[in-house]
Amino acid sequence: MTNSPTHIDESLPKAFKLCSLKKIEELFAKGSLIKVYPLRVLFLLENLDDAASDATPFQVLFSAPKRRFKRAHDRNYIKRLMREVLRKNKGVLMEQLQTQNKKLVFSLTYVSDERPSYQLLEQKLCKVLDQLIKELNL
RNA sequence: GCGGCAAAUCAGUCUAUCGCUUUUCAUUAGAAAAGAGGAAAGUCCGGGCAGCACAGAGCAGCGUACUUCUUAACGGGAAGGGCUGUAAUGAGCAAUCAUUGCAGUACAGCUAGUGCCACAGAAAAUAAACUACCUCGGCUUGCCGAGGAAAAGGUGAAAAGGUGAGGUAAGAGCUCACCGCGGUUACAGUGAUGUAAUUGGCAGGGUAAACCUUACGCGCUGAAAGACCAAAUAUACCGAGGCCUGCGCAAGCAGAACAGGCUGCUCGCCUGUCUCGGAGGGUAGGUCGAUCGACGCUGUGCGCGAGUGCAGCGCUAGAUAAAUGAUAGACACCAAAGCUGCGUGCAGCAAUUGGUACAGAACCCGGCUUAUGAUUUGCCAUUUUU
RNA sequence: GGUCUCAUGGCCGAGCGGUUAGGCACCGGUCUGCAAAACCGUCUACAGCAGUUCGAAUCUGCUUGAGACCU
Numbered sequence: 009m010t011n012s013p014t015h016i017d018e019s020l021p022k023a024f025k026l027c028s029l030k031k032i033e034e035l036f037a038k039g040s041l042i043k044v045y046p047l048r049v050l051f052l053l054e055n056l057d058d059a060a061s062d063a064t065p066f067q068v069l070f071s072a073p074k075r076r077f078k079r080a081h082d083r084n085y086i087k088r089l090m091r092e093v094l095r096k097n098k099g100v101l102m103e104q105l106q107t108q109n110k111k112l113v114f115s116l117t118y119v120s121d122e123r124p125s126y127q128l129l130e131q132k133l134c135k136v137l138d139q140l141i142k143e144l145n146l
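Basically this note's numbering = 1-based index in the first sequence + 8.
Just so you know, the hints here were simulated from the structure itself, not pulled from any lab data.
Each hint should be verified, as a subset may be incorrect.
Derived SDA-like pairs: lysine to any residue, alpha-carbon spacing no greater than 20 angstroms straight-line [stated by the list, open to error]:
1) 87 to 73
2) 25 to 121
3) 87 to 97
4) 87 to 124
5) 25 to 75
6) 87 to 121
7) 31 to 111
8) 87 to 119
9) 43 to 70
10) 110 to 26
11) 22 to 37
12) 96 to 31
Listed next, with one range per pair, are the computed distances between beta-carbon atoms [stated by the list, open to error]:
13) 143 to 20: 27 to 33 angstroms
14) 95 to 144: 15 to 21 angstroms
15) 26 to 46: 17 to 23 angstroms
16) 100 to 75: 31 to 37 angstroms
17) 79 to 103: 36 to 42 angstroms
18) 74 to 146: 14 to 20 angstroms
19) 85 to 54: 27 to 33 angstroms
20) 135 to 27: 25 to 31 angstroms
21) 84 to 145: 33 to 39 angstroms
All values reported here derive from a predicted model rather than from experimental measurement.
Cβ coordinates follow ideal geometry from the N, Cα and C atoms, glycine included.
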């Protein structure tokens with residue numbers, strides 16, 4: 009998972025997705041909260057063992073509430089957008105995590121009532137990433 | 001031109017960059033191929049599939065309800081019949097009837113029983129008699145009493161067959177003609193039903209999307225079903241009390257009692273063996289189910305049709321906190337304003353701006369319902385012009 | 001994914017085929033120097049669209065919204 013200088017890795021395969029039910033429950037029970045409207049972020053930091061070297065530096069969960077978006081295709085659209093933005097802007101976060109040998113588990117929840125545009129979401133999500141990196145360095 | 005209904009087709013396309021899921025290939029890096037819908041939706045029906053249950057019977061419950069057909073099945077679909085509304089035409093004094101077009105139709109049974117029908121009205125279902133009508137009697141001469149009758153008035157959603165004529169004190173299916181309604185018979189039709197003849201003076205208002213009756217159908221639960229792997233396992237532990245009857249030396253057998261099961265209930269059948277209290281352990285996940293099927297397309301035979309037989313070709317998502325996307329550009333289509341032409345609301349033109357619907361598979365099929373952008377065809381209704 | 005329930009004024013809530021009770025709130029009045037309390041009065045409703053029926057909040061179908069349960 010080393011980034012070459014010429015080619016920026018913009019992939020986001022399934023290993024980065026948070027699937028374990030136990031981890032999710034732990035996250036929602038103990039996670040810390042950051043709010044950057046229209047996003048709501050819960051996160052949890054872990055020390056990475058040497059044995060689990062193949063593990064990804066972070067795992068993320070995307071969520072769009074059914075309460076606010078009645079139609080399935082609207083929820084899918086929002087989750088796709090969030091994933092798209094994260095995939096393009098995750099580089100800095102990855103580097104920080106790898107140098108500190110830590111693992112981050114976090115969730116992204118969209119809490120507005122309106123369908124977002126790509127540009128708006130990118131701007132907001134970059135703010136979120138900045139804050140996360142600040143938290144890391146504390 | 002606008003609106004409605006029905007049927008059919010499509011569901012924006014291409015390029016670049018960066019990504020997602022599955023499969024195949026490759027030692028790796030990576031490469032190639034495939035990747036949402038007509039409704040994937042609502043979950044309103046039906047089936048496959050799976051588990052549990054199932055000697056059998058009865059009761060309850062749920063559903064369906066013109067006929068015939070179609071199908072794996074259906075509450076779906078097709079064809080046909082009846083009924084209702086509406087328009088036109090025709091017959092008739094009228095009541096009403098016939099034909100045609102269009103639209104609708106949850107359309108078994110109130111003549112099995114029970115219930116309900118507010119208000120108004122005399123009376124709301126075994127008929128009855130407020131006003132008015134007729135006869136007789138009385139007198140204060142416009143009222144009272146007795147009787148007749150049920151046509152007229154008014155009420156209501158609905159008033160006890162309708163119209164016309166005869167008849168009568170007045171009237172009444174009281175009688176007659178026609179119409180409507182019911183019964184029977186014959187004929188036609190697989191049948192719903194239709195046609196004709198004959199008969200009944202007419203009895204029996206409506207309501208079953210009121211209880212209900214009749215006929216037919218339905219075992220229950222749904223992929224969070226279920227199977228396998230892994231892991232774990234408790235009919236365990238502690239305390240208190242109890243341990244029935246018969247036979248038998250005993251082991252055991254039989255019975256009783258209790259508990260449980262037969263997933264709506266009962267009969268009936270089967271299984272097990274003590275009760276009370278205390279304390280207290282454990283359930284990360286993975287694989288299959290799961291995508292070749294009542295499958296699709298083409299041709300052809302049968303059938304009015306829904307459908308169905310045969311032949312050929314094709315393989316067309318399989319995810320699992322859940323994949324098919326984002327950005328940029330070009331083209332296509334729609335709308336708006338602009339210019340030109342004239343028949344003044346149409347045609348042509350180049351460029352600009354905005355928009356391109358409804359909506360996301362979650363085991364799989366057959367329907368129904370709802371949402372929705374265009375295009376084409378047919379039918380119906382309406383408006384305007386020639 | 002599956003199963004089921006509910007919807008009546010601003011809020012709570014009765015009504016099971018015949019003019020939609022009642023309470024709270026709001027508004028107006030009486031009372032008071034002013035207000036509160038009390039009393040009197042007014043206003044505002046059957047989620048929507050069809051059907052059955054003489055008549056529907058109630059019965060039936062479809063739609064919309066809200067909520068609950070099953071791992």
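Given a hint of 27 to 33 angstroms, does the C-beta separation of residue 85 and residue 54 actually sit inside it? holds, 31 angstroms
For the hint 36 to 42 angstroms, verify it against the beta carbon of residue 79 and that of residue 103. Given range 36 to 42 angstroms: holds, Cβ gap about 38 angstroms.
Is 17 to 23 angstroms a correct range for the gap between the Cβ atoms of residue 26 and residue 46? holds, 21 angstroms
When you check the alpha-carbon spacing of residue 87 and residue 97, does it fall within 20 angstroms? holds, 16 angstroms
Quick one: are residue 100 and residue 75 within 31 to 37 angstroms, going by C-beta? holds, 33 angstroms
Restraint status (C-alpha distance of residue 25 to residue 121 at most 20 angstroms): violated, 25 angstroms
Would the hint linking residue 87 and residue 73 be met if the CA-CA limit is 20 angstroms? holds, 10 angstroms
Pair hint residue 110 and residue 26, alpha-carbon separation not exceeding 20 angstroms: Cα-Cα ~16 angstroms, so holds.
Agreement of residue 25 and residue 75 with the hint, judged by alpha carbon distance not exceeding 20 angstroms: Cα-Cα ~23 angstroms, so violated.
Pair hint outcome, residue 43 versus residue 70 [Cα-Cα no greater than 20 angstroms]: Status holds; Cα separation ~15 angstroms.
So if I understand the rule, the pair passes when the alpha-carbon distance is 20 angstroms or less; does residue 87 with residue 119 pass? Distance of about 12 angstroms is within 20 angstroms: holds.
Pairwise hint evaluation, residue 124 against residue 87, where the allowed Cα distance is 20 angstroms at most: Holds, at roughly 11 angstroms.
In the structure shown, a violation is registered for the earlier hints numbered 2, 5, 11, 12, 13, 18, in ascending order.
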